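Residues per chain, in single letters:
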Amino acid sequence: MAYTKRVDGRKFDELRPIEAKAGVIPNADGSAYFKQGNTIAYAAVYGPREMFPKFKQNPKKGILRCFYSMMPFSGSGERIRPGGNRRSQEISMVMMNALDSMVDLSAFPNAVVDIFVDLPQTDAGTRCVAICAAGIALADAGIPMKDIISSVAVGQVDGTVVADLNYNEEAYPAIVSDIPVAMTHNGKQITLLQMDGEISKADLMKALEMAKIATEKIYELQKKALKEKFTQE
Amino acid sequence: MSNIIARERDIVIPGEALAEGMDFLPGENTYRESDKIYSKALGLVGISGRVIKITPLSGPYVPKIGDKIIGKVTDIAMVGWRIDTGTAYSAMLNVKDATTRFVRKEEDLSKIIGIGDYVMVKIINVTSQNLIDLTMKEPGLFKVSGGRVIKINNQKVPRVIGKQGSMITLIKNKTNCDITVGQNGVIWVKGTPENEMLTVRAIKLIEEKAHQEGLTEKIEKFLNDNAVPGTVTHPATSSATSSVNSSEEGEMN
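Protein chains in written order, with the working numbering: chain C, 1 to 233; chain B, 1001 to 1253.
No lab work stands behind these hints, which were simulated from the structure alone. One or more hints might be untrue.
Unchecked claim - Here's a subset of chain C near chain B, in silico, CB distances under 7 Å, partners left out:
| hint | residue |
| --- | --- |
| 1 | Val94 |
| 2 | Ala111 |
| 3 | Pro144 |
| 4 | His185 |
To be verified - Think about it this way: if two alpha-carbon atoms lie no more than 30 Å apart in a straight line, the pair counts; the simulated DSSO-like pairs of lysine-lysine are:
| hint | chain 1 | residue 1 | chain 2 | residue 2 |
| --- | --- | --- | --- | --- |
| 5 | C | Lys60 | B | Lys1068 |
| 6 | C | Lys35 | C | Lys188 |
| 7 | C | Lys61 | B | Lys1163 |
Stated by the list, open to error - Simulated restraints on C-beta separations:
| hint | chain 1 | residue 1 | chain 2 | residue 2 | range |
| --- | --- | --- | --- | --- | --- |
| 8 | B | Lys1143 | C | Glu216 | 50 to 60 Å |
| 9 | B | Gly1027 | C | Glu216 | 25 to 35 Å |
| 10 | C | Lys212 | B | Leu1205 | 35 to 45 Å |
| 11 | B | Asn1125 | C | Met195 | 50 to 60 Å |
Since this is a predicted model, take the numbers as computed values, not measurements. Glycine included, every Cβ here is placed at the ideal spot set by N, Cα and C.
Please work from the sequences and hints to get the whole structure.
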């Protein structure tokens, strides 16, 4: 039994409906809202500000810090303990690595830029949505960046390569793989690549090609969200 | 073969291609990679001759020599005051740059400027590590007393001032308030309490609608609609005495 029809009726390369908005949190220096299907993320950027604890300061360039967190009832309905856990620490770290290469903080030695991403509702693909939201928020905050990072999950469900898996597909009772990918726009350089499950080499190549097209779609939406904030109503 | 991809005054996002070919030069907030020039910030494209630059629409205040800013005293050291500039970096105001009068060796510096006071100061030096030196020994620099201090995004400062100070003169005339704008986005407003409130609302409105056209008319209408009864408004005569404590970089969309 091959996977011929997706659980929510999408085409194999079709993304879930996406909404993006910049500047949603007035007190933050930059912020964004990013919704992909049932996964929602709010990102807030603060800084550059003074780095504490002081021993973590870097006198050569500023530091980027990420804080990813899923809200207590954001998942299936089961309460998750609020605050950090091992999973959120890891995702914060991979997010930071994905964004850091394109952010240029050489003009802000000893300073830090903090990104807080909160997810009030989740349905798979949270780290990708978090990176997309963080990308918009960083640009909104006016942080110098070489490029905007767009991110999407691709993968394989029972032998079929698909883009942007939702939770039902991730939990599909067959061999499934979930590959979050983050890419720059101009060079299509990969800044995040993780994998859960198993996939053949041919399918992986196919999935990454699919990710290129999918991140391009997301990039256009990120661009639109940023420009909308500054065009007249 | 060189050509410009972006047009003048277009809004671009980081990583957007602005021009291709080696005939153009990357200016502020842009960078070159192979033969293309890309944007490095969210802002408006400016093309002057062969140089392409980006005027940012948002972003942190970057201290520059000669800028007049309003800062808050956070600490007192042996030789002067530590001032919060509203950036990631605090600044130092040395005793010798703070006052013309003689300060004895053991004198209590908090008697001159206390912790929590606001000061209008000028930046005299910025190092590569963004260590900032300040001075207060110039006309138009003073310790702030009374009134209220608000903070706006520093990129909106030119809009608050307006072309040749048109916007700030308008608000001053309509509200009878003294307004001093620091380049770091800190604004000091002094007048009657009602007029101070109105001024703060007007400035917040400018910050919110900074990228829109016809802003001066909108603010004039807002000030007329919400005018505090009993305020004697001055005609254009008072603009001669108004002190705009900032470089007049105001520009209209």
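(request) Take the C-beta atom of glycine 1027 of chain B and the C-beta atom of glutamate 216 of chain C, compute their distance, and say whether it sits inside 25 to 35 Å. (result) holds, 28 Å
(request) For lysine 1143 of chain B and glutamate 216 of chain C, compare the CB-CB distance with the range 50 to 60 Å and indicate the outcome. (result) At roughly 55 Å between Cβ atoms, glutamate 216 of chain C and lysine 1143 of chain B fall inside 50 to 60 Å, so the hint holds.
(message) Would the hint linking lysine 60 of chain C and lysine 1068 of chain B be met if the CA-CA limit is 30 Å?
(response) OK: lysine 60 of chain C and lysine 1068 of chain B at ~27 Å, within 30 Å.
(message) Is 50 to 60 Å respected by the C-beta to C-beta distance linking asparagine 1125 of chain B and methionine 195 of chain C?
(response) Holds - the Cβ-Cβ distance for asparagine 1125 of chain B and methionine 195 of chain C, about 52 Å, lies within 50 to 60 Å.
(request) Would you settle whether the hint for proline 144 of chain C is holds or violated, based on the nearest Cβ-Cβ distance to chain B being less than 7 Å? (result) Nearest chain B Cβ about 5 Å off; hint holds.
(request) Starting from the hint 35 to 45 Å, judge whether the C-beta atoms of lysine 212 of chain C and leucine 1205 of chain B obey it. (result) Given about 44 Å between the Cβ atoms, the range holds.
(request) Double-check histidine 185 of chain C for me: the hint is only fine if its C-beta lies closer than 7 Å to a C-beta in chain B. (result) holds, 5 Å
(request) Compare the distance between the alpha carbons of lysine 61 of chain C and lysine 1163 of chain B with 30 Å, and conclude whether the hinted pair is satisfied. (result) With Cα atoms ~36 Å apart, lysine 61 of chain C and lysine 1163 of chain B exceed 30 Å; violated.
(message) Would the hint on valine 94 of chain C be counted as holding, given a Cβ-Cβ threshold of 7 Å to chain B?
(response) violated, 21 Å
(message) For lysine 35 of chain C and lysine 188 of chain C, compute the direct alpha-carbon distance and say whether it is at most 30 Å.
(response) This hinted pair holds, its Cα atoms lying about 23 Å apart.
(request) May I ask you to test the interface hint for alanine 111 of chain C with respect to chain B, counting a Cβ-Cβ separation under 7 Å as satisfied? (result) holds, 4 Å
Going through the hint list in order, the structure does not satisfy hints 1 and 7.
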